[in-house]
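My request is simple: use the sequences and hints to build the entire structure.
If you read the protein sequences in the order shown, they are chains A and B. So for the first sequence, our numbering puts the first residue at -13; every next one is plus one. So for the second sequence, our numbering puts the first residue at 37; every next one is plus one.
None of these hints come from the bench; they were simulated from the model. One or more of the hints may lead you astray.
As the list claims (entries may be wrong) - A short, non-exhaustive set of chain B residues, derived as facing chain A with CB atoms under 10 angstroms:
id, residue
1, Leu120
2, Met125
3, Asp129
4, Arg276
Unchecked claim - Computed footprint of chain B on chain A; a stretch qualifies when at least three of its residues, placed anywhere within it, have a C-beta under 8 angstroms from a C-beta of chain B:
id, region
5, 36 to 47
6, 60 to 70
7, 158 to 168
Claimed, not checked - Label-pair distances were calculated between CB atoms; the ranges are:
id, chain 1, residue 1, chain 2, residue 2, range
8, A, Pro100, B, Ala250, 43 to 51 angstroms
9, A, Pro61, B, Leu224, 45 to 53 angstroms
10, B, Asp56, A, Ala211, 53 to 61 angstroms
11, B, Pro201, A, Leu223, 36 to 44 angstroms
12, B, Leu254, A, Leu120, 50 to 58 angstroms
13, B, Ala245, A, Gly122, 31 to 39 angstroms
Each residue gets a CB set at the ideal place from its N, CA and C atoms; glycine is no exception.
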Amino acid sequence: MTTGSDAATGAAVIVDDLQVRRGSIAVLHGLSLAVPSGAIVGLLGPSGSGKTTLMRSIVGVQVVQSGSIEVLGLPAGAPPLRRRVAYVTQQASVYDDLTVRQNLAYFRRVLGAPASDVDRVIERTDLGAAADRLVGSLSGGQRGRVSLAAALLGEPELLVLDEPTVGLDPVLRVQLWDLFRTLADDGATLLVSSHVMDEAKRCDRLLLMRDGALLADDTVEGLLAFTGTDDVETAFLRLIERGAPDLPSRARERTGPRHAAEPAEPEPVLAEPLEPDPLDPGGPDPGPRDPGRPDAGSAATR
Amino acid sequence: MNLVRTFATTGRVLSQIRHDPRTIGLLLVVPSLLIGLVAWIFTDTDVFDDIGPAMIALFPFIVMFLVTSIATLRERRSGTLERLLSMPMGRGDFLLGYALAFGLLAVAQTAIAVAFAIWVCGLDIEGSIWLLFAVAVADAVLGTALGLLASAFARTEFQVVQFMPLLVLPQVLLCGIFIPREQLPDALETISEWLPLSFAIDALQAVAADSESAGWILSKVLVIFAWIVGSIVLGSVTLRRRTP
Chain A
-13 MTTGSDAATG AAVIVDDLQV RRGSIAVLHG LSLAVPSGAI VGLLGPSGSG KTTLMRSIVG
47 VQVVQSGSIE VLGLPAGAPP LRRRVAYVTQ QASVYDDLTV RQNLAYFRRV LGAPASDVDR
107 VIERTDLGAA ADRLVGSLSG GQRGRVSLAA ALLGEPELLV LDEPTVGLDP VLRVQLWDLF
167 RTLADDGATL LVSSHVMDEA KRCDRLLLMR DGALLADDTV EGLLAFTGTD DVETAFLRLI
227 ERGAPDLPSR ARERTGPRHA AEPAEPEPVL AEPLEPDPLD PGGPDPGPRD PGRPDAGSAA
287 TR
Chain B
37 MNLVRTFATT GRVLSQIRHD PRTIGLLLVV PSLLIGLVAW IFTDTDVFDD IGPAMIALFP
97 FIVMFLVTSI ATLRERRSGT LERLLSMPMG RGDFLLGYAL AFGLLAVAQT AIAVAFAIWV
157 CGLDIEGSIW LLFAVAVADA VLGTALGLLA SAFARTEFQV VQFMPLLVLP QVLLCGIFIP
217 REQLPDALET ISEWLPLSFA IDALQAVAAD SESAGWILSK VLVIFAWIVG SIVLGSVTLR
277 RRTP
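If you want it as structure tokens, here you go:
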């Protein structure tokens, strides 16, 4: 199947009984969840439900009151994780008064990633044409992609992306989700928040949040079956009505039996700009002289 | 401490400023303009020869404080500070990178201010111009370091703007420009003896009058330097990776 083995490789993030207050308000009260590694996990919920606070806690920039968070086997925020985990905030956190390339070159040096990484992430995020423009002169969508590109530097194992597709046109949105899939196929784990329920379908697993608590932790199919609906938005409403959360994973300790054979979804909507297959009609010879990109070989596992 | 990250930050800050020529212009010219204004005010008196050296300390100090404190606050507001602190960026590396970048600007700014005061405004300097320049640069870098400290504390623009009167104005009032420090009430005199700007003004006035040895003046510069280091250390301790 597409993703090798969620269940076997264990969890990239394990959150246990997390309590966070911001100001006088309890934002997260006793949240427990797991993010399987190598998967795209969608973190969905209305704004104000605590998604950003949870993400900040996982990245280790949030003061937490109690509970534990383990990220890639280490406590969240541990110094070795600062290279292995990348975080993209909602607001594009890049320098407006630098060019795209200057921004990336700086973050690359901070991370100690190889110099070639700058061109690699520019290509991956399709920013080649804008590379030498000041970020302040770019559109909102482009700025967001610069921020994402910075997160791809150094090939982090866990990407925490806070609403990365907000304000993007549908074409770009599809391209980004294709990029996320490529990254996951390469072995990265992605935690992606969104309040667009539609995007849920592209995730391997969903975490539905409301008012700082977890409403569901399931696959898309599992969630739809559990609620007897056929779209995530309705499922979300159904869960709220019932007041009974859909949290099978906690009962069965993240072994994921309900692996309702995922419809391997390589939707041929848009030709992915990220893979060189149109250049390679040859087929049978999976060979040494593949065109162009050096990183193309590692990508596809199909 | 990691010099690669420190220098990367310095280079990044300088290229940001390079994209903003008007800021460079203002930074380089404003202190000189103010010194010129003071000289003009006192054209028909000989006051400028008394307070001119102090003006070389004062204006670059204030300008560098303001610019630096806003620059790092901007970094906090834009989210880039949080991004950097979630990366392997040391807090000290970050502040030191800023201090070096603005320190370089301070050197250029001070050189212009000193040259302008001496050759355009006719300020009389009995001692070594190089020593005067060294003290003035140390003083401008002090402004930068205190600005970094202020912005490590401040969370909003309103707060950071008020750190200027809080950290800078008392030093200006007590540094001996308005009234010789010996004539201050005892308590204030003691306080003024500890404030870094007082050391800068004492040293500059001593160079101007050539009244003290180079060793004495360098000892004052050393104290200013200690304040610079102390501010950066304190700033990096107060900068938090985790925020509420």
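Verification of the supplied hints:
no.	hint	verdict
1	Leu120	6 angstroms, holds
2	Met125	5 angstroms, holds
3	Asp129	9 angstroms, holds
4	Arg276	8 angstroms, holds
5	36 to 47	holds (count 3)
6	60 to 70	holds (count 4)
7	158 to 168	violated (count 0)
8	A:Pro100 to B:Ala250: 43 to 51 angstroms	49 angstroms, holds
9	A:Pro61 to B:Leu224: 45 to 53 angstroms	50 angstroms, holds
10	B:Asp56 to A:Ala211: 53 to 61 angstroms	57 angstroms, holds
11	B:Pro201 to A:Leu223: 36 to 44 angstroms	54 angstroms, violated
12	B:Leu254 to A:Leu120: 50 to 58 angstroms	43 angstroms, violated
13	B:Ala245 to A:Gly122: 31 to 39 angstroms	49 angstroms, violated
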